[in-house]
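Enquirer: Listed below are the residues making up each chain.
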Amino acid sequence: MEKALLLKAEIRERTGSKHAAKLRGQGRIPAIVYGHKRESVAISLDAHNLVEELQHGRRVLDVQIGKKKEKVIVKDLQYDYLGRDIMHADLMRVDVTETVKVKVPIELKGTAKGTHEGGIVEEHADHLEVECKVTDIPESVIVSVKEVDLGDTLHAGDIELPNGVNLVSDPSMLLVTCSLVAAAKTTEELEEEVPVAPEVIGEVKEGEEAEEESSEEAK
Amino acid sequence: MAMMPKRVKYRKSQRGRIKGRAARTNYVAFGEYGLQALQSDWITAKHIEAGRVAATHFLHREGKVYLRLFPHKPVTAKPLETRMGKGKGEPEFWVARVRPGMVMFEIGGVSEDVAKQALVRVAHKMPVRCRFVKRRHLL
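Chains H and P, in that order, give the protein sequences. Residues in the first sequence are numbered consecutively from 1, following our numbering. Residues in the second sequence are numbered consecutively from 1001, following our numbering.
Calculated from the structure, these hints are not laboratory results. Be a bit skeptical, because a hint or two may be false.
[As the list claims (entries may be wrong)] Now the in silico label distances, taken between C-beta atoms and shown as ranges:
(1) H:R38 x P:H1060: 25 to 33 Å
(2) H:D46 x P:H1137: 17 to 25 Å
(3) H:A183 x P:L1080: 37 to 45 Å
(4) P:H1060 x H:E39: 53 to 61 Å
(5) H:P162 x P:I1018: 31 to 39 Å
[What the hints assert, rightly or not] Here's a subset of chain P near chain H, in silico, CB distances under 7 Å, partners left out:
(6) M1004
(7) R1021
(8) A1077
(9) H1137
Computed from a prediction, not measured in an experiment: that's the story for all the values here. Built from N, CA and C at the ideal position, the CB exists for glycine as well.
Chain H extracted, bound-state conformation (with noise of 0.2 Å):
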């Protein structure tokens, strides 16, 4: 594992969304630490520093909160409305003999067997659960799709996992298909499958309202 930069993190006085929203605006990100029973505290940290250390793969953050160096797992990030810039991020307490529960991102390699046959690979979770220590935390699980052919499947409990991860997530969890394209369907196909009208739900019918009148003229 790479040695992290100390990030040296700011005392949030004032908390709320208009102080969060000025702090933005002066290159900051607001977040909160927590863990380990003890009182969480609202901080800021250098949005460029914080971007940077995530994009290296970068889980375990060393973190300076006035004259204390602490060690935190990023456990959630929120992200503006267009997912580019980081809002918010919660950090967790944690020691470096500690075993945590996080989500790693699933990397595919290679290229599957299926796909030369006119099958195309379909990742359908993109996150496994594992169990490690803080220091053991891989960037990513590598996924071989090599061996995948047409109508294979792959589940969580398939994956190779480093040495000293365990899985977390259900192992029948499917993270990865191949399957034959079914062709895409023409206007016209789609429109003889479309109603010319949606039924109204509780709208009674011609027909059916003149057969309720006829069985209750017949009581």
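We have chain H; now place chain P onto it with these hints.
Expert: Leaving out everything else, chain P in the frame of chain H:
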């Protein structure tokens, strides 16, 4: 007739306003690449169909196209040369309400270059400004 719901509770709806930004459907969830709206607007069933046809034609049965929007809202119109009044018009077409940030189309199973070219063609059919987005693997 293009896409429309099979069953509805009410035949007609008021026009309403599109407020705010997309709080959901704002990330690539099924494919690997997507087309994200940057403006709010009504996307008609015809627009959606035109986008779908443009993408599938370009991909030549490679990859998979996912539609993330559906025209749930009926829009009514009065016939031509009709005097005002006499009640609301009849449903004319169906629209999907799109807010900025919404990922409208997704493509999976093809390279980034191919997906970009396909989605550019789809973007040309849309009445809103769009941008190409990738699936986020980072948390």
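Enquirer: All the hints need checking, so say for each whether the structure fits it.
Expert: Outcome of the hint check:
Under the hint 25 to 33 Å, the C-beta atoms of H:R38 and P:H1060, about 58 Å apart, miss the expected range. Remark: the range hint 17 to 25 Å for H:D46 to P:H1137 is upheld by a beta-carbon distance near 23 Å. For the pair H:A183 and P:L1080, the beta carbons lie near 40 Å from each other, so the given range of 37 to 45 Å is met. Our hint of 53 to 61 Å for P:H1060 and H:E39 holds, since their Cβ atoms are close to 59 Å apart.
Taken as a hint, the range 31 to 39 Å is violated for the pair H:P162 and P:I1018, whose Cβ atoms sit roughly 47 Å apart. Look at P:M1004: its Cβ gets to within about 6 Å of chain H, closer than 7 Å, so that hint holds up. Proximity of P:R1021 to chain H holds as hinted, the smallest CB-CB distance being about 4 Å (cut-off 7 Å). Here the hint on P:A1077 is broken, as its CB sits about 15 Å from the closest CB of chain H, past 7 Å.
Residue-level restraint check for P:H1137 holds (minimum Cβ-Cβ distance to chain H is 4 Å; threshold 7 Å).
Consistency with the previously given hints fails for numbers 1, 5, 8, ordered from lowest to highest.
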